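**Student:** Using the sequences and the hints, build the whole thing.
Sequence order for the protein chains is B and S. Taking my numbering, the leading residue of the first sequence gets 66, the next gets one more, and so forth. Taking my numbering, the leading residue of the second sequence gets 185, the next gets one more, and so forth.
Keep in mind that the hints were calculated from the coordinates and are not lab data. These numbers were taken from a predicted model, which means no experiment stands behind them. C-beta atoms are modelled at their ideal positions from N, C-alpha and C, and glycine is treated no differently. It is possible that part of the hints are untrue.
Here are the computed lysine-lysine pairs in the DSSO-like style, where the Cα-Cα straight-line distance is at most 27 Å [said to hold, decoys possible]: (1) B:Lys148 <-> B:Lys122; (2) B:Lys122 <-> S:Lys210; (3) S:Lys290 <-> B:Lys74; (4) S:Lys240 <-> S:Lys254.
Where chain B lies over chain S, by a calculated footprint (3+ residues, C-beta under 8 Å) [to be verified]: (5) 209-217; (6) 220-233; (7) 286-295.
Some chain S residues well away from chain B (every beta-carbon gap over 10 Å; in silico) [to be verified]: (8) Gly200; (9) Asn206; (10) Arg244; (11) Thr248; (12) Lys253.
Residue-level listing of the chains:
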Amino acid sequence: DGGITQSPKYLFRKEGQNVTLSCEQNLNHDAMYWYRQDPGQGLRLIYYSQIVNDFQKGDIAEGYSVSREKKESFPLTVTSAQKNPTAFYLCASSIFPPPGTGTSNQPQHFGDGTRLSIL
Amino acid sequence: SQQGEEDPQALSIQEGENATMNCSYKTSINNLQWYRQNSGRGLVHLILIRSNEREKHSGRLRVTLDTSKKSSSLLITASRAADTASYFCARSMDSNYQLIWGAGTKLIIKP
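**Tutor:** In C-alpha cells:
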C-alpha cells in the first residue's frame with residue numbers, strides 16, 4: 066500500500082542537540098510538506114518542497130532545516146536554535162498539479178507524525 | 185490572523201445524532217478542504233470543495249460553502265463512535281501554495 070512513513074514515532078532532544086525526523090513516501094508525489102502542531106491548534110507550515118533539490122520556507126522555518134535529495138524523502142532537522150521544539154510534527158505530500166491550478170488545490174496525504182519532547 | 189475560525193471548538197453528541205461544524209475565513213479562497221485527525225495520528229483528507237461549488241457529498245458527509253458569507257460547514261449524519269476525532273478546515277488561496285489551517289473542532293460521539 067502506498068503511503069507516508071514518519072520515524073521515529075517519539076523523539077527526545079537534549080539541550081543543544083540537533084535531531085532529524087524522517088519522512089518517506091511511496092506515492093510518487095512531487096510536493097512534500099512539514100508541519101508543526103501544538104496542542105489545541107491547527108497546523109503551521111515549516112517548509113515545503115515542490116521538486117527535488119528545491120524547497121521553500123513556510124511560516125515558522127526559523128530553527129529548522131530540510132533537504133530534498135530524493136523525490137521519496139524529505140527529512141527535517143530540528144536544530145539547537147529552535148528553543149521551543151516540543152510539538153507534534155507532521156509530514157505530508159501531494160500531487161503536483163497541472164500548470165495554473167496551484168499545488169494547494171490538491172489534497173494532502175499525511176504520515177502519522179513524530180512527537181518531539183525536550184529531555 | 186490568516187487562520188480560519190472553526191466553531192464550536194468542541195462538540196459532544198449522542199451516537200446516531202447529526203454533527204455540524206463550521207469554518208469561517210476572511211479572504212477569498214480558491215478551495216476549502218476538510219480533514220479528520222484521530223488522536224495522536226496524522227490527518228486524513230475528507231472533502232475538497234472549490235470556490236465555484238456550493239455543496240459536496242461523500243457518504244455520510246456533506247460540505248457546504250457560502251463564499252458570500254465566507255463560511256463552510258461540515259455535516260456528519262447518523263454519527264458513530266468511530267467519528268470521534270478532531271476536524272479541521274484548510275483553505276487555499278490563488279496566490280501561494282500553502283494551506284491555511286483552522287484550529288479544529290474536537291468531536292466526541294457518546295455511545
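**Student:** Now look at each hint and say whether the structure bears it out.
**Tutor:** Evaluated hints:
no.	hint	verdict
1	B:Lys148 <-> B:Lys122	holds (18 Å)
2	B:Lys122 <-> S:Lys210	holds (24 Å)
3	S:Lys290 <-> B:Lys74	holds (23 Å)
4	S:Lys240 <-> S:Lys254	holds (17 Å)
5	209-217	holds (count 3)
6	220-233	holds (count 7)
7	286-295	holds (count 3)
8	Gly200	holds (28 Å)
9	Asn206	holds (15 Å)
10	Arg244	holds (19 Å)
11	Thr248	holds (19 Å)
12	Lys253	holds (21 Å)
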